[in-house]
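My numbering runs 1148 ahead of the 1-based position in the sequence shown.
These are calculated hints, taken from the structure and not from any lab test. If a hint is listed, it holds; no wrong ones were tucked in.
Under the rule of at most 25 Å between Cα atoms (straight-line distance), these lysine to any residue pairs were calculated in the SDA-like manner:
1) K1227 x P1163
2) K1295 x T1282
3) K1268 x R1212
4) K1239 x F1192
5) K1367 x L1208
6) K1166 x M1238
7) K1210 x I1193
8) K1295 x S1201
9) K1367 x R1212
10) K1260 x A1340
11) K1295 x Q1310
12) K1295 x E1176
13) K1295 x H1216
14) K1360 x P1159
15) K1260 x R1172
16) K1260 x E1176
17) K1260 x R1212
18) K1360 x D1161
19) K1166 x A1271
20) K1295 x Q1364
21) K1210 x F1192
22) K1262 x R1172
23) K1262 x V1342
Have a look at the derived ranges for each label pair, beta carbon to beta carbon:
24) G1348 x E1267: 27 to 37 Å
25) E1234 x Q1344: 33 to 43 Å
26) G1274 x N1156: 24 to 34 Å
27) C1231 x P1205: 33 to 43 Å
28) E1267 x D1288: 26 to 36 Å
This structure is a prediction, so every number in the text was calculated from the model and none was measured. Quick reminder that beta carbons are idealized off the backbone N, C-alpha and C, glycines included.
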Amino acid sequence: MAYQHLLNSTPVDLPVGKVVCVGRNYAEHARELNNPVPDEPLLFIKPSTAIQSMEVPIILPKDRGGLHYEAEVSVLIGKPLTCVDEAEAMKAITGVGVALDLTLRDLQSQLKEKGLPWEKAKAFDGSCCLSSFTSSVGVDLTQLPIKLWINDELRQDGNTDQMLRTIASLVAYISHWFTLLPGDVVLTGTPAGVGQLQSGDQLTLQLSDLLKESTQVSK
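Assemble the whole structure, with the sequences as input and the hints as a guide.
What follows is the structure, given as structure tokens:
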């Protein structure tokens, strides 16, 4: 099933672009993985080939170690952005949703120990599960609860007010390093509570009262 961005449950005429991800934007998540809290945003990119809809089951990669989940608030970019301020960044955000940043944690640890890039652990096919987006008009992006249940057990329970950097400041910061294009997506970091997925897991993600979507790990 080819992925297409959905806005308010309707296909939107935007290409499927890159995903710019922000690491360690919640202090408690950085601490749970024994990582230092960064002084500035930690950025990495997933290609468009990493994206899949929440409707598509998650496949556990074989012989690559544990696959970890990270629930995140996602934003859909609707206008080109290069070296903009926070006000311009906000005007370019078309939608807000939830996402799963999937990570081959064992492989990531091995790569980090060798001082190597993380792409193989973070940017593989299917490593970015996106929900549909809801319009961000009138939504306070600084006060958004995000929750993840696995098999009806609450695993992640965060709020964007816990972020080290706000969504507007993140999008503006990113635009000074990478031009953001219509159809690009920004993942804004994950709260504490990440862990390993197992075959058959049922996952439900909720963003405030704006949307709730589910996916599953293939058996």
